[in-house]
Amino acid sequence: MKNTFRPIYWKEGQLILPQHFQQEYFFLREMFSRISKSMHPYIWGHRSLCIKNIDLNSELFEISGGEFWFENDEMPRRLFTDHDQPGDTIVEIKNIANELQQKPEGNYYICVRLSNNLNVQHLENLDSKLIQEKQILLETRFVSTSNEEDIKNIHDNDKGQLFRLYHALQIVIEESKNVKNKLPIAKISKTKHNIFFHEKYIPPTINLDLEIKQINPLENIILEIQKKLKSYSDYLSPYGINVMNDGEKDDNYRMILVSLNRNIGILHHYLAEKKHIHPWNVFILLKSLITELSTFSRIDNYKIDKILDYIKYDHLDLYLTFNTIKETLTLLLKEISARPEFI
113 MKNTFRPIYW KEGQLILPQH FQQEYFFLRE MFSRISKSMH PYIWGHRSLC IKNIDLNSEL
173 FEISGGEFWF ENDEMPRRLF TDHDQPGDTI VEIKNIANEL QQKPEGNYYI CVRLSNNLNV
233 QHLENLDSKL IQEKQILLET RFVSTSNEED IKNIHDNDKG QLFRLYHALQ IVIEESKNVK
293 NKLPIAKISK TKHNIFFHEK YIPPTINLDL EIKQINPLEN IILEIQKKLK SYSDYLSPYG
353 INVMNDGEKD DNYRMILVSL NRNIGILHHY LAEKKHIHPW NVFILLKSLI TELSTFSRID
413 NYKIDKILDY IKYDHLDLYL TFNTIKETLT LLLKEISARP EFI
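So for the sequence shown, the working numbering puts the first residue at 113; every next one is plus one.
Derived by calculation from the structure, the hints in this document are not laboratory data.
All figures in this text were calculated on a predicted structure; none of them were measured in a lab.
Only true hints are included.
Here are the simulated SDA-like cross-link-like pairs (lysine to any residue), alpha carbons at most 25 Å apart as the crow flies:
| no. | residue 1 | residue 2 |
| --- | --- | --- |
| 1 | Lys264 | Glu236 |
| 2 | Lys292 | Ser150 |
| 3 | Lys299 | Leu172 |
Start from the sequences and build out the full structure, keeping to the hints where you can.
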């Protein structure tokens with residue numbers, strides 16, 4: 113049976129033990145996890161991921177910024193984004209070419225994970241490059257400096273000393289993207305003479321602010337809709353809203369135009385606010401639009417029951433998710449615009 117953590121009863125004169133803080137930590141973690149899961153089904157993934165070195169054949173794989181939210185009830189872990197705003201995590205620098213040397217050709221996933229070893233590892237310096245140069249293995253979930261830090265009292269100028277804990281983020285290579293307690297951040301391929309990134313892979317993310325070398329999938333979909341909106345508007349504009357050229361056909365075009373116009377504004381807002389928009393919300397809107405457009409389709413494969421079975425949300429492969437949406441939307445719009453012929 114799963115252990116349920118409860119609040120600690122703090123009383124005067126109590127001898128404080130490490131277990132008190134450990135149980136309080138687990139209680140708070142479980143509480144926040146319950147809140148997040150009730151608000152959203154996929155509150156895990158990366159946010160604002162920035163990979164510093166792209167050439168995997170000659171350079172070390174280094175993450176220079178970002179946040180990572182783990183699926184296994186872990187609270188967010190923020191990396192060092194810059195020297196002025198340090199985070200609470202240090203991350204390994206990995207030689208991907210050496211890691212793949214003994215592995216066969218094929219596709220692999222670069223993942224990050226937190227160690228299951230809850231002990232603390234003391235290091236003289238927390239700089240990731242120095243850790244890599246000295247070949248120090250990050251074997252614990254937490255690391256700390258060897259020397260205490262001076263901390264000011266918030267009420268006066270008195271100073272005190274303490275050790276700070278940092279989370280140690282390990283980089284591992286897996287053959288599958290769906291590995292427990294490991295978060296995929298990139299897909300790579302190994303061939304006989306080369307190692308390269310897959311551009312057609314978007315790892316799990318909690319927003320659409322993608323720091324990768326490809327067009328945001330939402331931009332492609334919006335461009336496709338805008339192109340069709342212009343075609344329908346150009347066709348209907350000579351007749352006006354109350355004049356019909358071909359009865360039922362024109363009526364259908366007007367309803368399609370209303371449906372597209374109703375959604376394009378929301379999609380533009382999502383793109384403008386991509387730092388705060390979860391891909392799940394965009395998926396729901398686009399799937400709703402596709403089900404509306406399927407009303408006008410005469411192809412059996414694009415009837416509502418087939419659409420609902422075909423379009424699935426895969427948080428571990430968001431490129432595949434949105435590419436399926438785009439292809440379905442494009443085919444539906446193409447079929448609808450086959451009449452009249454000049455559109």
